[in-house]
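Chain E is already provided as a structure; the job is to place chain C on it using the hints.
For the protein sequence lines, the chains are E and C, in the order given. For the record, in the first sequence the residue sitting at position 5 is 5 according to this note's numbering, with numbers rising by one throughout. One gets this note's numbering by counting positions in the second sequence from 1 and adding 1000 to each.
There may be inaccurate statements among the hints.
Unchecked claim - Facing chain C, a subset of chain E residues (Cβ under 7 Å, in silico):
#1 91
#2 93
#3 100
#4 134
#5 137
#6 141
#7 149
#8 152
Rather than coming from a laboratory, the hints here were simulated on the basis of the structure. For glycine and all other residues, C-beta sits at the position ideal for the given N, C-alpha and C.
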Amino acid sequence: MHRFLEAFFSPHGFRQVFPDVWNGFQTNIRMAILAELLVLAFALAIAVVRGLPGRGAWPLRALAVVYTDAFRGTPLILVAYMLALGLPGLNIHGVSNRSPFVYGVAALTLVYTAYVSEVYRAGIESVHGSQRMAARSLGLSYAQALRYVILPQAVRRVIPPLLNDFVGLQKDTAIISVAGYTGYVAAGVLFIFLTIPLARFTDHLIRERELRERAQAV
Amino acid sequence: MSAAAPAFVQLDEVTKRFGDLVVLKSVDLSVGEHQVVCLIGASGSGKSTLLRCVNLLEKIDEGRIFFDGRELTNGKIDVNALRRNIGIVFQAYNLFPHMTVLQNVTLAPKKVLGHGRRKAEDRARELLHRIGLEEKAEEYPDRLSGGQQQRVAIARALAMDPKLMLLDEITSALDPQLVSEVLNLVRSLTEEFGMTMIIATHEMSFAREVADRVCFLDEGVILEEGPPGQIFSSPNEPRTQEFLARVLAAGRM
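Same shape as in the complex, but just chain E (with noise of 0.2 Å):
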């Protein structure tokens, strides 16, 4: 029991160590929270993307949907090892050569853009057809209705599990901070193909729901 407590919860540990933990404590928090917002606009416009009606916008649409499934399957620690291993040995002016905590943000921001931009696209897709047939029968154009009916309330029904995610990244900034081995790629593309077929399947739900949806107006 003594070297149990020793080991975990020594006082002298960590008075030791405290100032470091600070430390990294205080630059994960200004990682997250600039994560956050960087992930707060992007996810929007990729679910955004991903929503736009017509024939025309399809590859917008199908590049929405290969960076959401590529990042949401990807464990964010193999992300941050291939920009921060991968990037400076590119030799990329701008780009090669920031500093971890640019990496660390980047990193994370990709990652959780993907998930995001899902809970976004599950709120815009639980406003009611009416909601947008009203506003777009009153003349308002489709980004109109969506900018001022649609979001507004897909936004505020999404704040729970949007902050959910937030607290992920919180923590998940603590992976940042390990660095190493390049081998899991290959990993990450495993991870992938285990993730899109059940993308695939939401995706066909939503569409099962939406037909389901027009019948009952006629």
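Showing chain C alone in chain E's frame:
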């Protein structure tokens, strides 16, 4: 027919399908300016769909629709501009729940017509006064009764000064005692403003009273149309007789 100028609202052989389901089958309808046309018929007969085709909420598969001298269905029309002139009120009110009554009524005048806040709000308060809900301007829709919400929805449509109003079973979701307050408002629109309206309704006595013409829809076809006196008193088609007998039996006459 084709040589004459189209009526204020005119549907020529309009067909609308949802997948394999044909909701409207080659429907012809014309509505003159200041006329009130009531669409009656069972649920699923195509009344709502017909209304939604007129303001292009639904895209038709065949036929042509004209409104105010222009064809709507040639693909050249600016739908947003068109919809400024056509107000629609839905069965479920569809007010915007995150906005106050005043914001609901002023949104489109501000964003679509570009009216300043002052102008839009003055006009909105005037309309709310007309419908007797001026004191509810700052309330959110969920604090209002169904009848009040529906009156706000009518005011929201009127705020755009439409040339045509489409009413889609606007009393069907209301408690019986709230129906009359909404119908009275609609009645005043026809009497005081001569508003052109197409009304899908289950309220037969109301249709009889306000309509210039009544159309009976059955399985996507206008089976019979005529002045309300004729349709309600001596319908020609067996299907119309059957429908009206059912309505009468249900006490909705």
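- prompt: Checking against the hints above, which ones are violated?
  reply: 1, 2, 3
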